[in-house]
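Asks: Each chain, letter by letter, is given below.
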Amino acid sequence: QQKVQQSPESLIVPEGGMASLNCTSSDRNVDYFWWYRQHSGKSPKMLMSIFSNGEKEEGRFTVHLNKASLHTSLHIRDSQPSDSALYLCAASRGSALGRLHFGAGTQLIVIP
Amino acid sequence: EAAVTQSPRNKVAVTGGKVTLSCNQTNNHNNMYWYRQDTGHGLRLIHYSYGAGSTEKGDIPDGYKASRPSQENFSLILELATPSQTSVYFCASGDGGEQYFGPGTRLTVL
Chain A
1 QQKVQQSPES LIVPEGGMAS LNCTSSDRNV DYFWWYRQHS GKSPKMLMSI FSNGEKEEGR
61 FTVHLNKASL HTSLHIRDSQ PSDSALYLCA ASRGSALGRL HFGAGTQLIV IP
Chain B
1001 EAAVTQSPRN KVAVTGGKVT LSCNQTNNHN NMYWYRQDTG HGLRLIHYSY GAGSTEKGDI
1061 PDGYKASRPS QENFSLILEL ATPSQTSVYF CASGDGGEQY FGPGTRLTVL
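Chains A and B, in that order, give the protein sequences. Position one of the first sequence corresponds to residue 1 (our numbering), numbered consecutively onward. Position one of the second sequence corresponds to residue 1001 (our numbering), numbered consecutively onward.
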């Protein structure tokens, strides 16, 4: 069983809409969360990271973290077709060790 | 930007054969990783390394060996390849959590 669970498995949103992706860790020792984006046929690239309770915004992307429930969510507003990709959530115990546990991902499709 | 390269990019192997996947990074990162990616499983960690001469088992090490002869190079070795090892393999490097991935190797074992 994977330690990091993502939902939904796939998500279709219209262009200009809001996409909301969820991620929960079952490992209570993790305290850092990472979101990676992987376009079709490409390698994953880090999108955002969050370590503290609350939210963090970068442009159209907002990440929330609730450390008590080990739940993080990624919200993409004004979604664009170029946002269509596999979004991978990862968790780690601190940042120095560097070992990440990835979820299975959410496949986002933005329809023009 | 971080540069991680992998070779070969595509490989077809026969069952029982030996396969070596190579990875090179020019970022002077201490940590390097080997993952495989299969639909429905995301990225699963096979082996990783904290520096030259060190290798550690990840979550799915069975059937794989790793070698880190230098800071820049990290290899994944399949001594006796099986069809279940057909997958896309990614190498990554990174210190402190953010990892930089190579372009991937598509391996097919017939």
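Quick caveat, the hints were computed from the structure, so don't treat them as lab data. Beta carbons: idealized from backbone N, C-alpha and C, even for Gly. Incorrect hints may have been included.
Claimed, not checked - Below, in silico cross-link-like pairs of lysine-lysine (DSS-like), each with a Cα-Cα straight-line distance of 27 Å or less:
{"hint": "1", "chain 1": "B", "residue 1": "1011", "chain 2": "A", "residue 2": "3"}
{"hint": "2", "chain 1": "B", "residue 1": "1018", "chain 2": "A", "residue 2": "3"}
{"hint": "3", "chain 1": "A", "residue 1": "42", "chain 2": "B", "residue 2": "1011"}
{"hint": "4", "chain 1": "A", "residue 1": "56", "chain 2": "B", "residue 2": "1011"}
{"hint": "5", "chain 1": "B", "residue 1": "1018", "chain 2": "A", "residue 2": "45"}
{"hint": "6", "chain 1": "B", "residue 1": "1011", "chain 2": "B", "residue 2": "1065"}
{"hint": "7", "chain 1": "B", "residue 1": "1011", "chain 2": "A", "residue 2": "45"}
Claimed, not checked - Covered stretches of chain B, as calculated for chain A (at least 3 residues, CB under 8 Å):
{"hint": "8", "segment": "1043-1050"}
{"hint": "9", "segment": "1089-1102"}
Asks: So which of those numbered hints doesn't the model satisfy?
Replies: 1, 2, 4, 5
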